[in-house]
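> Make the full structure from the sequences, and use the hints.
Protein chains: 2
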Amino acid sequence: MDNNSVPNTNSSPAVVVGSIAFDNIHTPTDKAPMLLGGSASYAAFASSYFAPTRIIGTVGKDFGAEYINRFSARKIDLEGLQHDKSGKTFFWEGRYGDNFSTCTTLDIQLNVFERFKPHLPPSYQGTPFVILGNIQPDLQLHVLDQLKEKAFVAADTRDLWIENAREELLELLKRLDMLVLNDEEALMLTGQSNLIKAGEELLESGPKMVVIKKGQHGSVLFHPEGLFAFPAYPVTAVKDPTGAGDSYLGGLVGHLAAMNRTDLTTLKHAIAYGTATASLTVEAFGPSNLEKASREIIDERYNALLALSQIETDPETVLV
Amino acid sequence: MDNNSVPNTNSSPAVVVGSIAFDNIHTPTDKAPMLLGGSASYAAFASSYFAPTRIIGTVGKDFGAEYINRFSARKIDLEGLQHDKSGKTFFWEGRYGDNFSTCTTLDIQLNVFERFKPHLPPSYQGTPFVILGNIQPDLQLHVLDQLKEKAFVAADTRDLWIENAREELLELLKRLDMLVLNDEEALMLTGQSNLIKAGEELLESGPKMVVIKKGQHGSVLFHPEGLFAFPAYPVTAVKDPTGAGDSYLGGLVGHLAAMNRTDLTTLKHAIAYGTATASLTVEAFGPSNLEKASREIIDERYNALLALSQIETDPETVLV
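So the protein sequences, as listed, match chains C and X. To get the numbering used here, take the position in the first sequence, counting from 1, and add 13. To get the numbering used here, take the position in the second sequence, counting from 1, and add 13.
You may find that some hints are simply not true.
Copies of one chain are not kept apart here, so a pair can be met inside one copy or by any two copies together.
[Stated by the list, open to error] List time: in silico PhoX-like cross-link candidates among lysine-lysine, alpha-carbon distance up to 25 Å:
no. : residue 1 : residue 2
1   : Lys210    : Lys252
2   : Lys44     : Lys210
3   : Lys281    : Lys227
Hints listed in this document are in silico derivations from the structure and should not be mistaken for laboratory results.
As structure tokens, then:
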């Protein structure tokens, strides 16, 4: 087995649904055009290091073989990819402010994404791990309606849907095993000002568990058995944070699929893997650093994260 | 041994130097006058749950027996307390903004603190653990000049000294085992915009180790053997954050003194104890919640922090 293949042949498969896009990205010091982007792209690349990964999304006539091949190179199953020749691929242009603390959309062209209706081929309908990347909640719900078997369902969302599709989003929450969102979105969705209270309130609103992402400050899992807080990987040179959250989700659920388990201990390890995977994404423009990673590189960061967050058991140290 | 006494009679002592003050505090929803405050007060109360604690500071003619007795009640050694009858005790009045994200000084009267020169009685000069609470760096240096034995020295500082006493502060750094400061101060002192880079740079500037406090996001230890990141205690009702950093420092160094060890594993536990101790302080105005705590209450929070940050060893889970 080479480093880039799926590591565990006994792994369950995972299916990723979301956007596939071309991104023009401006950072405080640099810019890059026509990057492969979208929530499904990042999440699928991330998941592919852990589990056989299937992708559902739509691309346009400008999405040539050179892009398709990047998914194939990661052995991502493309049966669910819709190739809509009637228009161009979803396009987004954005500019990050100082320290990446803000992001302004400069241009957005939905193109074929405007007509996107996710369709699960029969071969996908029994997938036991489902990653609903950030897209409209009604499309995320439409995916769930097509599942024929009980699955572990994790979904991301964002401010746009909290503001403009709140009802559908609240409906979605009731059908989730895991909601993943960032700190500002958690406060916005609940109206709370305290993140712990926000997480607890979200846990009451439907999902079996909630993960709040805090960027450089790591993430927190709200689980019926208790909280789990985990730091970020100590990245010193962020190049482009686009897709970090999607990569986190893909790595996290990818590990659950690889283990075919969702108990709390496995979830903690999965959060460490998601964190490790996301740290690779932010160190380059677009998904390039993630795509050229290996399971070995991810494992190195995972081990580094455990070293910087865990306390060694030391028999000489008196524990209470 | 009752819950409030020093838990470990084989513990090394710790000496705390800093300010002792009366605080008038306004929060977004409440206010309280004439609270016992100052960096030395909070740090000494915190340390006293772990190690025999000595205090050095100055108080004025308005600092009556009812305040002295609060230190005595925690068995804090008061030989180093200067009772300056020529004036009143240091007074500070401040107002916290929404979510405690800002703090504005409304009034400050140095009073006897203006003439304060810390003096170590002979019985303090061999104290093996020294806590330099937030005061002018030249006073912190003056304490170090009086030490007769090698000691583990930890110091806090703040923006005021970074701006107005930078040279003395940089001199102090070279003589520290541990520098503790908050995230904004670490960025200000180094001119960095990335916290990891700031911590690494501070580690090169003199202190054997650096702890950066991030409020609700926990703290990070920069140590020659590696990083250690630890979350905050999940407090849902902050009442008054005054003294949280001082309580953290007192609890942290208090545990080191109690163990009489400063190896990395002990440091990690000490950070957990500092975090637990600080969480008690913020839940009430002034130090009252900290003063009426017990080692048992601190240990409960310490154990809760380990539960929410550590991954159980599970033989069924495949580790890489």
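> For each hint given before, does the structure comply? Return the numbers of the non-compliant ones in rising order.
Failing hints: none at all.
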